[in-house]
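Fit chain L to the given chain X structure using the hints.
Protein chains in written order, with my numbering: chain X, 1 to 301; chain L, 1 to 211.
For the record, the hints were derived by calculation from the structure and aren't laboratory data.
None of the values given here were measured: they were computed from a predicted structure.
It is possible that part of the hints are untrue.
[Unchecked claim] Here are some chain L residues the structure puts well away from chain X; computed CB gaps all over 12 Å: (1) Ala32; (2) Pro33; (3) Ala36; (4) Ala39; (5) Asn43; (6) Lys51; (7) Gln54; (8) Gly59; (9) Glu123; (10) Lys177; (11) Arg178; (12) Ala179; (13) Gln180.
[What the hints assert, rightly or not] Covered by chain L, per the in silico footprint, the following chain X stretches (three or more residues, Cβ under 8 Å): (14) 46 to 58; (15) 227 to 233.
[To be verified] Each computed DSS-like pair below joins lysine-lysine, with the alpha-carbon atoms no more than 30 Å apart: (16) X/Lys139 with L/Lys200; (17) X/Lys139 with L/Lys51; (18) L/Lys146 with L/Lys122; (19) L/Lys51 with L/Lys99; (20) L/Lys51 with L/Lys122; (21) L/Lys188 with X/Lys139; (22) L/Lys146 with L/Lys99.
Ideal Cβ positions, reconstructed from N, Cα and C, are used throughout, including at glycine.
Chain by chain, the residues run as shown.
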Amino acid sequence: MSRGAMADGVPRLRRQGWRRLALCGCLTLLVVGCATTGGGAGHRVDPLEPMNRRFYAFNSATDRLIMTPVTHMYTAVTPRPLRASLTHFFRNVAYPDVIVNDFLQGRLRQGVSDIGRFLMNSTVGVFGLFDVASHVGLKAHTEDAGLTLAHWGVGRGPYLVLPFIGPDTLRNTPSLIMGVVTNVLFYVGNSALTLPLTVFDVINSRANASSSLRYVRENAVDQYIFTRDAYLQHRDYLLHGGHLPLKAVEQMMLPPQATPSAHAPDPPPFAARRLPQKHRRSVRGPWLAKGVVVRPPAPGG
Amino acid sequence: MEWHKRRGRLAAWAWTVSLCLVAVVAEATNVAPAVAVIARFQNTLLTAMKKGPQIGFHGRYRILAPAVRESHNLAYIAQITVGPYWPRLSPTQHAAFIKVFTRLTVATYAAQFKSYSGEQFKETAAHAVGRGDVLVETKLVAHGHKEATLDYLLAPSGADWKIVNIVANGVSDLALKRAQYTAIIHRKGFPALLDLLRSKVAQLSHARKAA
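The shape of chain X in the complex, shown without the other chains:
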């Protein structure tokens, strides 16, 4: 895995505004409709893969034709410190979303810490342009409605690719709406101010995502699968508070195939050989029988 390229998981372009709110609402209804008519696809991670792949191609084309040139121009005319300050500002105005979800999940101490972080950055940090709170030990957290629902035991639902927005899951779609209504800019009420800021937010987010997108382009042999699996794994990781739970290590090392639809379940006809206990692999996929390993000859390539 690359140096920090996946550090923020798969990037998501965040937008605010009524248009997005309406779009998300319509899409959610559409997707819920599709998912509920899907019949026995409940156990599958990506039952909407054909539709998702089309939206993924659409998003990629839109990004290549519009967002990439705009981002190049933006990074050419804005110095790095200014971009960093804008990033802090947009994260800060969106931070009430984290605070609300802290409390909805019952994380009281984290919630209080996040209120302190928000207040400090909004005042001492000049409207959030500077992240002074991190320097005094008030760490940033990642919470949203999707993580709260997961915390409450709601299932993930099917994986989705939303036009203009990117990877998501059905459980996570309410966070699109909640992210808007908890954003400080939503209450400013002056569209002459909020509209250009929203445009800047989108472009700045895209600029921040450039290294991740480049990593996917350069390294993925199937960009759709790479993005989907990376997104889903990263969301699970966030669900565990950004820690790799030891109990889940084995499953996380080799999670079950995400696309049973794409692969016929192959019986494992391989000539597995039993090895002494000390040499047995602890990581097992669904195709590896318990305690049975196929270990190749000594490495060397």
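For chain L alone, coordinates are given in the frame of chain X:
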């Protein structure tokens, strides 16, 4: 009678404590060699990054290739990435796949770790997991960037410990590769995957020649 009871309880406590101590010492002894493998590998990465812009992609490749071969169980990882298709492939195909997979792994490191701006690796924890494997948790800290967690799963390989998976911010490299490779073999066949991986190596090499 009371004294006997107390002595019995004392003996039980002593036994429990000594067991715990043995377990702690055993774990510390077990994880130390695995931690050393990661420390050596990350030091080599830092060396490649520091020399990065001067020596270019091929220079970094030359530095990293022996370190990657020494620290990663590439043959095992390669086998896992093609999942159930591995036993259906011929020994010649196995050898060809391991060869191209090794090149791709080294090329990816050489392409991504191309310059140095004060980055540091910090080991945060090491645990024995599963059936004798070790998970070494590290952080990549870079000035002005969010910390990235890099967790390495190592397994015994002969007398050594070798990396069998890397998990970056909760995303398993091995799982990502397996999902992609098995999908491509299913749709287009093994030769198509081999061609794709070869073209990836070429792309990384050409794109980064100037870097």
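Quick rundown of the hints versus the structure:
1. Ala32: For L/Ala32, whose nearest Cβ neighbour in chain X is about 17 Å away, the distance exceeds 12 Å, so it holds.
2. Pro33: L/Pro33 is indeed farther than 12 Å from all Cβ atoms of chain X, at 14 Å.
3. Ala36: holds (18 Å)
4. Ala39: holds (17 Å)
5. Asn43: holds (15 Å)
6. Lys51: holds (15 Å)
7. Gln54: Non-interface label stands for L/Gln54: nearest chain X Cβ at 18 Å, farther than 12 Å.
8. Gly59: holds (17 Å)
9. Glu123: Answer for L/Glu123: holds, closest chain X Cβ roughly 14 Å.
10. Lys177: violated (8 Å)
11. Arg178: violated (7 Å)
12. Ala179: violated (5 Å)
13. Gln180: Since the minimum Cβ distance to chain X is about 4 Å, L/Gln180 lies within 12 Å and the statement is violated.
14. 46 to 58: violated (count 0)
15. 227 to 233: As far as the region 227 to 233 of chain X goes, the hint holds, because 3 residues have Cβ atoms under 8 Å from chain L.
16. X/Lys139 with L/Lys200: Answer violated: X/Lys139 to L/Lys200 is near 38 Å, above 30 Å.
17. X/Lys139 with L/Lys51: violated (33 Å)
18. L/Lys146 with L/Lys122: holds (14 Å)
19. L/Lys51 with L/Lys99: Holds, at roughly 26 Å.
20. L/Lys51 with L/Lys122: It holds: about 21 Å lies between the C-alpha atoms, which stays within 30 Å.
21. L/Lys188 with X/Lys139: violated (47 Å)
22. L/Lys146 with L/Lys99: Violated - the C-alpha atoms of L/Lys99 and L/Lys146 are around 35 Å apart, more than 30 Å.
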